[in-house]
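Chemist: As a plain string of letters, each chain reads:
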Amino acid sequence: MKALWGLLAEFDSPKALLRAARLAYREGYRKMDAYSPFPIPELAETIGLRRDGVPLLTLLGGLIGGGGAYILQYWINVIGFPLNVGGRPLHSWPSFIPVTFEMTVLFASFGAFFGMWALNRLPAVYHPLFNSETFAGASRNRFFLCIETVDPLFELDGTREFLMDLNARLVEEVPNE
Amino acid sequence: MPEAREVELMQEAAGRPPVLGRGQTYASVSDHISAIVLRRPVGIFWLALFAGAGFLFAILQYAIAYLLMEGVGIWGVNIPIAWGFAIINFVWWIGIGHAGTLISAILYLLKQSWRSSINRFAEAMTLFAVMCAGLFPLLHLGRPWLFYWLIPYPNTMTMWPNFRSPLVWDVFAVSTYFTVSLLFWYQAVVPDVATLRDHATNRLVKKIYGLLAMGWRNSARHWKRFESGYLLLAALATPLVLSVHTVVSFDFSVADMPGWHESIYPPYFVSGAIYSGFATVLILAIPLRKFFGLEQLVTERHLDNCGQFMLATGLLVTYTYLAEDFFSWYGNDPYGAWWNWNRAHGAYRIVWYLDLIMVCLIPLLLWIPKVRKKPLFLFIVSLDIVMGMWIERVMIVIITLNSPHMPSSYGLYIPTRWDWAVLVGTIGLFTVCFLLFVRLIPMIPIFEMRKLVHEIEVPHT
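Chains as they are written, first to last, in this note's numbering: chain Y, 109 to 285; chain Z, 44 to 504.
Some hints could be false.
Quick list of in silico lysine-lysine cross-link-like pairs, BS3-like style, CA-CA up to 30 Å [what the hints assert, rightly or not]:
hint	chain 1	residue 1	chain 2	residue 2
1	Y	Lys139	Y	Lys110
2	Z	Lys250	Z	Lys416
3	Z	Lys333	Y	Lys110
4	Z	Lys416	Z	Lys154
5	Z	Lys249	Z	Lys333
6	Y	Lys139	Y	Lys123
7	Z	Lys154	Z	Lys333
8	Y	Lys123	Z	Lys333
9	Z	Lys416	Y	Lys110
Derived from the structure by calculation, the hints contain no laboratory data.
Produce the entire structure from the sequences given, and follow the hints as far as they go.
Modeler: Below you can see the structure in the form of C-alpha cells.
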C-alpha cells in the first residue's frame, strides 16, 4: 500500500468546489471525491457518478415484499389453513391488500435504506481522510476535493500544482496510516 | 438555488416572518445546534422536568406490572365496553405520531424548505408517540406475552393469523410505520452525528458519535445516494402515513356498529391525526425554541404555518362531524339515528359537548393571524386541541359501544385508577424519551440548515 492516500484541496464555497471538480474531471482525473457539509446538486455527476443504484434496489425490495406478502396470504388462506370466515371465498383478495401494501412499503424502504449504505460501503469507521487535521471542516463550512494516489494520472508535484491553480486555500497530503 | 431565495423574497414582501433569521452562516448554524448537545450544561429546568417525567414513567411500570399480575380486570373495561382507555389512548397516540412523518415526507416532496428546522424533532416525536401507542393494544390483549401469535410464522399448533381481520392489518401497519419512520429519521441523523463527532473534544464522546455516524465523511458520491435514498423513503412514507390511520380506522369501520360502520372513517381519522400531531409539534416546539434560544431557526413563520395546518385539518374534522349528522338523518337507519341522539343526550353527552367546544370551536381562534404568531396563544390552543382530540376518541369508542343494536347490551364504562395510571404513565415515557433526545441528538438537522443557508442567504463563510 502506498504511504499516501491522496492530496486534499480545501475550498471556501460550493461554487469554487464545483468548478474545481469540473476542471479536475476534464483534466482526466477519475479516482477522486468531493466533500461538502451538505448535499450539492450536480457535484457527484461532475466527478463521474451518473447513476446511483438506490432506486433499483428499492424497486427490488418492494417487489419482494409485496409479492412475498401476497403469496404468503394466498398460501395460508387457500392451502395451508383454509378457514371459512363469514362465507367469504378462500381467496378473498381485497382483504389481503392492506398487508400486501404495508409489506411493499417496508421492504422497499429496506431496499432504499440498507441499499444506500451498502453502495456507499458504509459503515466503515476508519478512513485515511480522518488522518487529516482540516478535514473535520467538511462537516462545518469547508469544501474539499481529494485526488487519490491510485489515480493513474496522479503525480505528487504535478497534481499539487494543478490543485493550487484551482484556487485552493490549502493543499494537504493525506497519509494512508 | 435561486428558486428558494425568490420564494423567500416574495414571502418577505408579503410581510411574513423569515424562515431563517438574518446573518446565519454555515458555521453559525453548525456551532449553534451542535453546542446544545456538546457544550451546554444540563440545566436545573431540564433535570426537574426529567425527574417529573421519570416519576410518571415509574407509575407506568408499576401499572404494567400490576396489570400483568392481575389481568385486564383492573381496568374499567367490560362487556359491552371492552375497548376503553386502551384503544382510546392507542388511537390518540398514533394520531399524534402522524405529524412527524407528514412534515418530513410530504413537505419534503412538496419542496417546503421551512420544514427543515422542525422535521427532526417532529420525527422523534413520531417515534416516541408510536412506541406509546404500541403499548396499548399489547397490554389490552389480556395475555400480552402471546402477542407473537399475531405474526405469521410456522408453529406447532399449525395455526395462522386471520388476514381478513383489521386487527391483524393493524399489527402490520403500525410495525411498518414505526420501522420506516425509524429508518427515515436515522438516515438524516447520520450526517449530523458525524458533525458532532468532528466537533466533539471529549475522546469518549467522539467515539460514541463516531460509531453512530458509521464513518460518514460527507463525500459527494455518498450524498448523492443519500439524497436518492431519502427521496425514495419520503415517497414511500407518504402513502404509508396515510395508510396507517386508515387501517386504524378500519378497526372501527369494518365492525357493523352504529357510528362506526361509515365509509368516511379513513379521511376522518387521518385529518384528526394530522390535527393533533401538529398541535403536539407546537407544544414541543414553542418551549424548545425559547429555552434553547432557537428563535432564529424556528421562526414565527414555522409557528404560523403549523397554525394554518391545524386550522385546515380542524375544519376537516368539523366537516366530518357534520357529515356524520347528515348521514344518520339521511341514511334512515334507526340505529344510526339512535346513536346520534344518544351522543347528544345520553350518559356521555358531556363528552360530545366538550369535543365540540375543544375540537371545533376554540381552534377557530386560529383564523386570527395574531393568535398564530403569538407563541403563548398558540401553545394554549395546541394544548386544547391535543386534549380535545383525546376526548374525541373517547366519544368514538365509548358512545358507540354504549349504544349498540341490542338494548340488552347497553352499558356504561367508568375508568379506574389503573386506566388513568397507564395514560399518564405513557405521557411520562414519551417525555423521558423526548428529553433524552434533545440532549443527545441535534434536534434540528444541521446539514439541512446549512443547505437552507446556501439556498436562502447569499453565501459567505
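Chemist: Taking the hints in turn, state whether each one holds.
Modeler: Okay, the hints, checked on the actual structure:
1. Restraint check for Lys139/Y and Lys110/Y: the C-alpha separation of about 15 Å stays at or below 30 Å, so the hint holds.
2. A distance of roughly 42 Å separates the Cα atoms of Lys250/Z and Lys416/Z; the hinted pair therefore is violated under the 30 Å criterion.
3. The straight-line distance between the Cα atoms of Lys333/Z and Lys110/Y is roughly 53 Å, outside the 30 Å bound, and the hint therefore fails.
4. With a C-alpha separation of about 23 Å, the suggested pair Lys416/Z and Lys154/Z falls inside the 30 Å cut-off, and the hint holds.
5. Distance check on the hinted pair: Lys249/Z and Lys333/Z sit about 28 Å apart at the alpha-carbon level, within 30 Å; holds.
6. In summary, the hint linking Lys139/Y to Lys123/Y is supported, as the alpha carbons are separated by about 21 Å, within the 30 Å threshold.
7. Under the criterion of a C-alpha separation no larger than 30 Å, the hint pairing Lys154/Z with Lys333/Z is consistent with the structure, at around 27 Å.
8. A C-alpha spacing of about 35 Å is found between Lys123/Y and Lys333/Z, which places the hinted pair above 30 Å, so the restraint is violated.
9. This hinted pair does not check out: Lys416/Z and Lys110/Y have alpha carbons roughly 60 Å apart, beyond 30 Å.
Of the numbered hints stated above, those contradicted by the structure are hints 2, 3, 8, 9, listed in ascending order.
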